[in-house]
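Could you slot chain V with the ligand onto chain B? The hints should help.
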Amino acid sequence: MTPLSSHTVGPFFPEAFIREGDNDLTRTTTDAPPSRRGTPIRLNGRVLREGGLPCINAILEAWQADAAGRFHHPADPEEAQADPEFLGWGRARTDAEGRYEFHTLLPGAFLDRAPHVNLLVMASGLMQPVATTLFFPEFAAANATDPVLALVPPSRRPRLFATPDNAGGYRFDIRLRGSADEETPFFED
Amino acid sequence: MAEDAPARFDPLPPGIAPIVPTPGYPSTFTHTPSQPLIRRPPGRGEITGPLALHRKLPCGEANLAEPIPGRPAVGQLIHIAGQVLDEDGRPIPDAVVELWQANAAGRYAHASDTRSAPLDPNFIGQGRVRTDAEGRYGFFTMRPGAYPVPGEAVWWRPPHLHFCVLGPASLSRLVTQMFFPGDPLNPLDHIFMAVPDAAARERLIARPLPPSEIGSGWLGYRHDILLRGRRATPVLA
Ligand SMILES: [Fe+2]
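The listed protein sequences derive, respectively, from chains B and V. Residue 14 is where the first sequence starts when you use this note's numbering, and the numbers rise one by one after that. Residue 54 is where the second sequence starts when you use this note's numbering, and the numbers rise one by one after that.
So here's chain B without its partners, still in its complex pose (with noise of 0.2 Å):
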């Protein structure tokens, strides 16, 4: 059986579907306590489109590890000591400067895997999400030897590393569309 075909989300995803604290991590519900088992950063960034315009109304969604690089699923064969009160998927929207924020803890690596986060974008314009990863700079021997980087010519890696910033979080930018060297790059998995 073949799987349906994706759309675009169009540019009205309802407001509502949003609600403060989806974009989260650490929290398995709205109201439940942040889990501490780890380092609490803040991802931070614009998704822009061609020419480096916003891409408003954009929305992200974030997937990742916890911090000992383990996740809550029966394909992880340590789901059972997974962080019970980190949940590790979040969604945000961009603002009018096409920017988003996710609150996590740093994950940890996995397998042959350097600490990283799926992101996935949607958008108008976009017919289906587009998939990227962000990685961490001061993980430097990790990422020499992560297999996914390698797949990506040389001079495009720079574009998947967040910036720390000076306020405990990174900033990653998302250029949706641009040359070679400004796109990010983006995977088929």
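Quick caveat, the hints were computed from the structure, so don't treat them as lab data. A hint or two may mislead.
Sample of chain B residues with no beta-carbon within 12 Å of chain V, all distances over it, derived [claimed, not checked]: (1) R50; (2) P53; (3) L119; (4) T145; (5) A154; (6) T158; (7) P171.
Computed Cβ-Cβ distance ranges for the label pairs, DEER-style [stated by the list, open to error]: (8) B:R112 / V:P64: 27 to 35 Å; (9) B:F152 / V:N116: 47 to 55 Å; (10) B:A163 / V:D141: 29 to 37 Å; (11) B:E195 / V:G77: 20 to 28 Å; (12) V:I267 / B:A163: 53 to 61 Å; (13) B:D125 / V:V127: 51 to 59 Å; (14) B:A153 / V:S169: 52 to 60 Å; (15) V:D141 / B:E92: 17 to 25 Å; (16) V:G77 / B:R49: 44 to 52 Å; (17) B:P171 / V:F82: 21 to 29 Å; (18) V:P76 / B:T15: 35 to 43 Å; (19) V:N175 / B:A122: 47 to 55 Å; (20) B:P90 / V:P240: 45 to 53 Å.
Cβ coordinates follow ideal geometry from the N, Cα and C atoms, glycine included.
Showing chain V with the ligand alone in chain B's frame:
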């Protein structure tokens, strides 16, 4: 769900994914990545995804047609129901299904819809449900109106429903649109027609149920939502 969560994710067969950028849909030419997508074998971070997401995203808004009892929305009352399934045809329980749509006049209750068509005070046109143990979902709602897309060329979107489905894996995540059978605007819609394969387009059209089965209260449609993913090991017959 747990142990038998889909673990194998094959590339889509040709003709299923829409053509991008999409002819006739100008903003796809400013948003679609110009560089080729980098093929990545699905790993642990991709075949996993948030389980029990209904805890984070409250579910249960299944009656969009009469959100305030005694004050029904204007238009043609319909019931849309079906199953969320994987590529083996197995039901996916606990999937989160989000639906949003225009009202009967083709207007969205959304700040970005600035068209002059009337809003219906009794219709918001958005709901979220969680699939049951058999993967079933269902909504009472109004048949949406068509609406024009602003731009130089005249283009009307046929009546359609937007669906976002969050399944058990990141790779089973789907954003799609559902269309109505026989609408003359369907073959003129750049978004519907962006899917090259005719059979794949046909699967985006809801199946009308015989009124003799449904009765005189509303019109019924069935629409199954098939997500990517199958068993890790094919079952040998
Ligand atoms: Fe629409």
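Results of checking the hints against the structure:
no., hint, in the structure
1, R50, "holds, 17 Å"
2, P53, "holds, 18 Å"
3, L119, "holds, 15 Å"
4, T145, "violated, 10 Å"
5, A154, "holds, 19 Å"
6, T158, "holds, 14 Å"
7, P171, "holds, 14 Å"
8, B:R112 / V:P64: 27 to 35 Å, "holds, 34 Å"
9, B:F152 / V:N116: 47 to 55 Å, "holds, 49 Å"
10, B:A163 / V:D141: 29 to 37 Å, "holds, 32 Å"
11, B:E195 / V:G77: 20 to 28 Å, "holds, 26 Å"
12, V:I267 / B:A163: 53 to 61 Å, "holds, 55 Å"
13, B:D125 / V:V127: 51 to 59 Å, "holds, 58 Å"
14, B:A153 / V:S169: 52 to 60 Å, "holds, 57 Å"
15, V:D141 / B:E92: 17 to 25 Å, "holds, 22 Å"
16, V:G77 / B:R49: 44 to 52 Å, "holds, 51 Å"
17, B:P171 / V:F82: 21 to 29 Å, "holds, 26 Å"
18, V:P76 / B:T15: 35 to 43 Å, "violated, 23 Å"
19, V:N175 / B:A122: 47 to 55 Å, "holds, 52 Å"
20, B:P90 / V:P240: 45 to 53 Å, "holds, 49 Å"
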